[in-house]
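Using the sequences and the hints, build the whole thing.
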Amino acid sequence: MEEKSFFEKVYEIARQIPFGRICTYGIIAKHIGAPQAARMVGWAMNKCGSEKLYVPAHRVVNRKGLLTGKHHFANSNTMRELLESEGIEIIDDQIQNFEKLIWNPGIKDKRAK
DNA sequence: TTAGTGACTGTAG
DNA sequence: GCTACAGCCACTA
1 MEEKSFFEKV YEIARQIPFG RICTYGIIAK HIGAPQAARM VGWAMNKCGS
51 EKLYVPAHRV VNRKGLLTGK HHFANSNTMR ELLESEGIEI IDDQIQNFEK
101 LIWNPGIKDK RAK
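Heads up: the first sequence at position 89 corresponds to 89 in this note's numbering, and the numbers run straight through without jumps.
Simulated from the structure, these hints should not be mistaken for lab results.
One thing to keep in mind: the hints can contain errors.
As a list, the in silico DSSO-like pairs of lysine-lysine whose alpha-carbon atoms are at most 27 angstroms apart [as the list claims (entries may be wrong)]:
| hint | residue 1 | residue 2 |
| --- | --- | --- |
| 1 | 47 | 4 |
| 2 | 64 | 30 |
| 3 | 30 | 4 |
| 4 | 30 | 9 |
| 5 | 70 | 9 |
| 6 | 47 | 64 |
| 7 | 47 | 30 |
| 8 | 100 | 4 |
| 9 | 100 | 70 |
Written as structure tokens, this is what we have:
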């Protein structure tokens with residue numbers, strides 16, 4: 001069967017995040033079927049940088065909307081710059097209108113209420 | 001081979 | 001409302 005690895009699933013979902021939208025580790029983990037394995041999602045993001053895969057890790061933040069993973073980018077402000085270039089406002093490493101920008105896998109373009 | 005770590009989340013006290 | 005603990009899977013030493 002096509003049982004993709006945990007990481008593969010993470011990457012696939014992460015790549016589905018549309019422009020100007022964000023997602024949380026928990027949402028991705030839950031979509032995979034392991035809502036408590038959100039830590040692995042972050043670990044996968046860390047690996048994706050080494051694998052040189054196109055994974056918008058900058059669009060993945062924790063449940064609070066904080067850029068907890070920014071430290072793993074080349075520069076601490078790289079993540080923020082990428083998000084700002086997509087029209088997302090970042091203040092003090094926290095996404096503004098975070099709840100409105102959340103994107104859920106499966107939902108096409110409906111803005112999360 | 002075994003043990004530890006890791007960008008988190010949810011529940012309980 | 002805040003703090004603390006347990007759980008998940010994969011990779012590295």
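Hint-by-hint comparison with the structure:
1. Between residue 47 and residue 4, the direct Cα distance comes to roughly 16 angstroms. Compliance with the 27 angstroms bound is thereby established for this hinted pair.
2. Between residue 64 and residue 30, the direct Cα distance comes to roughly 16 angstroms. Compliance with the 27 angstroms bound is thereby established for this hinted pair.
3. Taking the CA atoms of residue 30 and residue 4, the gap is near 16 angstroms; set against the 27 angstroms cutoff, the hint holds.
4. This hinted pair checks out: residue 30 and residue 9 have alpha carbons roughly 11 angstroms apart, not beyond 27 angstroms.
5. Restraint check: the Cα-Cα separation between residue 70 and residue 9 comes to about 22 angstroms, which is no more than 27 angstroms; the hinted pair holds.
6. Pair hint residue 47 plus residue 64 holds up; C-alpha atoms about 22 angstroms apart against a cutoff of 27 angstroms.
7. With a C-alpha separation of about 20 angstroms, the suggested pair residue 47 and residue 30 falls inside the 27 angstroms cut-off, and the hint holds.
8. For the given pair, residue 100 sits about 31 angstroms from residue 4 by alpha-carbon distance, which is inconsistent with the 27 angstroms threshold.
9. Of the supplied pair hints, the one linking residue 100 and residue 70 holds, its CA atoms being roughly 21 angstroms apart against a limit of 27 angstroms.
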